[in-house]
Structures are given as structure tokens and as C-alpha cells.
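Participant: One letter stands for each residue in the lines below.
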Amino acid sequence: MSELLLQIDGKEVTARSGATILEAAASVGISIPTLCHHEKLEAHGGCRICSVEVDARGRTSVVAACLYPVEQDLVVRTRTRKLERIRKSLVEMMLAHAPDSEVLQSLAQEYGADRDRFEKEISFCIHCGLCVRYCAEIKKKNAVGFIDRGPRKEICFIPEIAARECWECKECFPLCPTSALQAAFVLVKALTFPSDAD
Amino acid sequence: MDTITIDQIIDKHQCEASSLIQILLDIQSENHWLPKEALERVSEKLDVPMSQIQHITTFYKSFSLVPRGRHEVHVCMGTACHVRGAQRVLDSVTEQIGIGPGETDVDLKYSLETVNCIGCCALGPVMVVDGEYHGNITPAQVAETFKNYE
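Note that the protein sequences, when read in sequence, are chains X and B.
So in the numbering used here, the last spot in the first sequence is 198, and the numbers never skip.
So in the numbering used here, the last spot in the second sequence is 1150, and the numbers never skip.
No lab work stands behind these hints, which were simulated from the structure alone.
Idealized CB from N, CA, C, for every residue including glycine.
There is no bait here: all hints are sound.
Every beta carbon over 10 Å from chain X, so not counted as near; a handful from chain B, in silico: (1) R1084; (2) G1085; (3) V1106; (4) V1115; (5) I1118; (6) C1121; (7) A1122; (8) G1131.
Distance condition first, Cα-Cα at most 16 Å in a straight line; then the derived EDC-like pairs of lysine to aspartate or glutamate: (9) K141(X) with D1047(B); (10) K141(X) with E1044(B); (11) K1061(B) with D148(X); (12) K1036(B) with E160(X); (13) K140(X) with D1047(B).
Some chain B residues well away from chain X (every beta-carbon gap over 10 Å; in silico): (14) H1013; (15) R1070; (16) M1077; (17) V1083; (18) E1150.
From just these sequences and the hints, can you work out the full model?
Facilitator: Rendered as C-alpha cells:
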């Protein structure tokens, strides 16, 4: 593995080739906010909150730090006006779905996001896919998945698998940046075993 | 739908997980909808998790997880058809086969669906039954058309 030299927020950073900007930044203590990232899982690039500005091949572009592989002499900026505006809007949009999420609220405070900018459409889920990917990649049970698409996309447990596997596991619950997951599971539990509901 | 037919369809596609959508489409065209048992069989044979099949079948509008009739009726409600009386055609169809848009009758004979444009506006108002186009159709002709379907 060859070492590459790049610059993040003015700091010189060495990283092995194949690493992402997010990993390189973490190695020198620069924190980039993330929501859908989990070190044990494949990068997803779904939440876009880790967007950073890079100067590569003569142009500046905004990329997802959790997916973008480091390059020699890459110049990365993790905090600019433009990025703050992007992150603020993203947080505002996600807050419309999960207004009470603590993770989102602390991000909102950091970036000055207005909780009530967009009309509330409370689904609790911000489609980070952490639970779905964790169940598929780590546990290999595939008990939870996405259904439908666009504004109607949501997570859904497969009742047969959930009834067998989820009681003992529940490892995906703490991963959820909102409380959507737990709610969905409780719903399945209620539907699968109506007598247990009370 | 029996397992043998499903297995035949799966085998036709060499049991390849990459042919999942094609297999589902074949089952759908054979059976008009996708029963849970069929999806479980596909999941087992192709070694594709059920969550993924569920994701795909709910993503595409052409898949149906609820029973559908043998004959698929589409009435175009696009702008061109609309101004040429699509609503009256739809009313007439509803009266004729006894079901509203999005519904299937108890005998599983017809499923009715409205669509927003099928791309042949010059023929409006248009009704499509099992892929057969009936252009410039009048409410009076609707009854005649349905006599040909068993």
C-alpha cells in the first residue's frame, strides 16, 4: 500500500491509497459530521452530511467524504461557507422527518438549522440505511429492509425472520439516529404477536 | 401458482440472482401477480434475501403483491384523453365491469387502473386491455369491447 500526501483544512496528511477522505481526516483529528457512516459497514453515501470540498483535476467540487478515495496532492476543505449552507439545509430537511432526534438537534445547533423550515412530515426515518446494512452485512440475517420508493420509502421488518432472530439481537436499535427503527420493530412485534402487545 | 411452474421459470434463467427482476416479471405475466409463496421460492432458489425481493417488488409499479385479474384494463386519463372525455369512458368501464380504478373483481377477471399518459394522444380517449389499444373509444363502445374477454 503506497502512502499518499494530501492536504485537509491546510494540514498535511499522509494516508494509504484506498482510504477515504473521512478516514484520512479522522487520523489527524479533523472531525467530519456523519449520519449514515459506520466503521464496520460499507460506505453508503446516503446522508451527504459528510460533504466536503475538494480541489482535484483543476476544479473544485463537493463530494461525500465517506466515499471519496484520497488522491496524491488532493486539497480538501471540511468547513467552508458553502458546506455549512449545504449541511444546514440537509439537517433542516431531515428534521422535517425526525424533529426530535437528538443527533439531528445537535447538528442543527452547530449549523444554525431551523427546525421548522420545512413542513413536518414525521416518519422518524432519515433513510440512513444503518439498520438495513448492519443486518445484511454484519448479522447476515436480512430481517429488515426498505420498501417502496421516493417519499413513501420506509424500513420494514420481515415478520418471519424478525420473530426468529430479532428478540435476541436488537443490535441495530442503538445505531438508529432517530427512534424510527425501534418504533418499526415494536409495530412488527404487535402485529406478529397481538397477545404480547399489552 | 404451483412450485413446478415457478421452478421452470427460475430454471429458464439459469437460477441466476442477476435475473431476479426478469424472473419476477415472468411470474407476474404468468400469474398476473406475485404471491408470497412464489417470492419465498425465488428467494430460496436464487439465494437472494427476502428483504431485497420486497424492496424490488415494492419499488417497481409493474409488480403487484395483491391478487390481480386475468385481464388488465388501463384507461388513460392524460390531458389529451381527458379533454376528449376520458372520464366518461372510465365511468362507463366502471359500470360495465363493476370495479373502480385500482380494484380487482372477486372472480379475478378484471383489474382496472388509470394511467396518466400512454403516449398515443392522437388516439384519445384510449383504453388498453391486455396490451391491446382501443383508440377513439366512446362510452357506448366500451360494453361491446368487454364482450370479447373471457
